[in-house]
Amino acid sequence: MKLKGWKELEMGAVIPEAGNAAQYNTGSWRAFRPQWKEENCIQCLFCWIYCPDSSVTVSDGKRGDFDYEHCKGCGVCAHECPGKKGNKAIVMVEEGN
Amino acid sequence: MGKKLAITGNQAVAEAMKQINPDVCAAYPITPSTEIMQRFASFVSDGVVDTELVTVESEHSAMSACIGASAAGGRVMTATSSQGLALMWEMLHIAAGMRLPIAMALVNRALSAPINIHGDHSDGMGSRDCSWIQIYSENAQEAYDNIFQAVRIAEHEEIRLPAMVCMDGFIISHSIESMEFLPDEVVRDFIGEFKPTNPLLDVDKPVTYGPLVLPDYYIEFKKAQHEAIKRAKKVTLDVAKEFEKVSGRSYGLFESYRLDDAEIAIVVLNSAAGTAKDVVDAFRDKGIKVGLLKPRLFRPFPYEEVADALGSARVIGVFDRADSFGGFGPMYMEIASAMIASGSSPVMINRIYGLGGRDFMPEDAEAVIKELVEIADTGKATTLKEYIGVRE
Numbered sequence: 001m002k003l004k005g006w007k008e009l010e011m012g013a014v015i016p017e018a019g020n021a022a023q024y025n026t027g028s029w030r031a032f033r034p035q036w037k038e039e040n041c042i043q044c045l046f047c048w049i050y051c052p053d054s055s056v057t058v059s060d061g062k063r064g065d066f067d068y069e070h071c072k073g074c075g076v077c078a079h080e081c082p083g084k085k086g087n088k089a090i091v092m093v094e095e096g097n
Numbered sequence: 001m002g003k004k005l006a007i008t009g010n011q012a013v014a015e016a017m018k019q020i021n022p023d024v025c026a027a028y029p030i031t032p033s034t035e036i037m038q039r040f041a042s043f044v045s046d047g048v049v050d051t052e053l054v055t056v057e058s059e060h061s062a063m064s065a066c067i068g069a070s071a072a073g074g075r076v077m078t079a080t081s082s083q084g085l086a087l088m089w090e091m092l093h094i095a096a097g098m099r100l101p102i103a104m105a106l107v108n109r110a111l112s113a114p115i116n117i118h119g120d121h122s123d124g125m126g127s128r129d130c131s132w133i134q135i136y137s138e139n140a141q142e143a144y145d146n147i148f149q150a151v152r153i154a155e156h157e158e159i160r161l162p163a164m165v166c167m168d169g170f171i172i173s174h175s176i177e178s179m180e181f182l183p184d185e186v187v188r189d190f191i192g193e194f195k196p197t198n199p200l201l202d203v204d205k206p207v208t209y210g211p212l213v214l215p216d217y218y219i220e221f222k223k224a225q226h227e228a229i230k231r232a233k234k235v236t237l238d239v240a241k242e243f244e245k246v247s248g249r250s251y252g253l254f255e256s257y258r259l260d261d262a263e264i265a266i267v268v269l270n271s272a273a274g275t276a277k278d279v280v281d282a283f284r285d286k287g288i289k290v291g292l293l294k295p296r297l298f299r300p301f302p303y304e305e306v307a308d309a310l311g312s313a314r315v316i317g318v319f320d321r322a323d324s325f326g327g328f329g330p331m332y333m334e335i336a337s338a339m340i341a342s343g344s345s346p347v348m349i350n351r352i353y354g355l356g357g358r359d360f361m362p363e364d365a366e367a368v369i370k371e372l373v374e375i376a377d378t379g380k381a382t383t384l385k386e387y388i389g390v391r392e
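The listed protein sequences correspond, in order, to chains S and C.
Note that our numbering has the first sequence beginning at 1, numbered continuously upward.
Note that our numbering has the second sequence beginning at 1, numbered continuously upward.
Everything labelled a hint here was simulated from the structure, so no lab data went into it.
All values derive from a computational prediction rather than experimental measurement.
Ideal placement from N, C-alpha and C gives every residue a C-beta, glycine not left out.
You may find that some hints are simply not true.
[Unchecked claim] A few chain C residues facing chain S, derived, Cβ under 7 Å:
| id | residue |
| --- | --- |
| 1 | Met98 |
| 2 | Pro211 |
| 3 | Glu255 |
[Unchecked claim] In silico lysine-lysine, DSSO-like type, Cα no more than 30 Å apart, as pairs:
| id | chain 1 | residue 1 | chain 2 | residue 2 |
| --- | --- | --- | --- | --- |
| 4 | S | Lys2 | C | Lys385 |
| 5 | S | Lys4 | C | Lys277 |
| 6 | C | Lys241 | S | Lys7 |
| 7 | C | Lys233 | S | Lys7 |
| 8 | S | Lys7 | C | Lys230 |
Next up, chain S with everything else stripped away, as it sits in the complex (with noise of 0.2 Å):
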């Protein structure tokens, strides 16, 4: 991506796009990466709404998987999530193991 001179930007480093912050990919900031266990999820969607960045999927109502490129591995999720009878349904794994 070419970047722009200062000419070009926006007065005060204001963003006047909403929602940019989906082009920028901050996977890689990651030290632990959440991993979900389907079998113990109850949907409480909980995740979905502690997540910091907007990095739970979901279509339908239901929780699908995480959104890698975006997620920092923050372990709010992991941390909120209720599991199912003392099973947590996400797990934080340290990343490249």
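Following the hints, put chain C in place on chain S, whose structure we already have.
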């Protein structure tokens, strides 16, 4: 023609703010600027203005609220002094970096420690690098007139930077002098409607303020900011010309007083310039070619124009009512930069005076001009930087 009244500097600024009728003012009281917001608060509670007055818990919060209100799309003003400005320092940069045209009255006061409530320029000079347009005022009339012009300059679409109007604490803020007001409708027409650039309250066009900008773009934003504040020089002159039409009072980038053929020049900011002009007259009466330059627009600094105005001087004495400890005074550094860049090399001395509100007397100006006359004769200055009016 507006009415003429005897009034203090603070009252004059409060009156100017009343006539501007800004959308939002967020402020925290601090001597000697307190009276501005105190009087303005009365205008708010009396329903004379429509302003939303936000009373906050500190100057850091005051400037933060001003930034939020300005980004939201309002015309925003505040006032402060000394420690208050120092506490705002972080937010001053943010207001400028976000290109928000906030207008602020700075009633110049010394910085602690030791604590002191009186007038010097250490607060204003300490915010020199914050990318705020800085306009200095000799008296209440200038402070009043400069407030309107500052609003116009700050809000100019090619600039969009915050501006502060400075006047000396107590010496001007609390002294009564005769000055002329503009009629309300003249002010209204002169400042016009505020048109925000990217208002956060425009829900049909949502925008984000304050994103993280990394090494790939930060310097481009700063270059744009530098170019914007540079443009304020021309806009200041354009606005001054327009202001003269409605007020009959003329302003420039600085005031030249008997400088045309001056071999000896002094540079004096704000209220002390009034005293020094009388002393210049006394020396002129004796046939000594001395003149005075009183800076008005300090940021952006008009280097070429100042060098041109001081062009005939072989000796220059620069008065600073603030010190850059371990360096020359801030005004001296600007004048030296101007002269060096113009290729001329007058002998220049720096005299620090009036810190913490110490009176600047005609004798002080006289002693320095006498010293400059001697330097002009010998071509040599023994002490480049020295404090004056200080006990041994």
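Review point. Which of the listed hints are broken here?
Key: 3, 4 and 5
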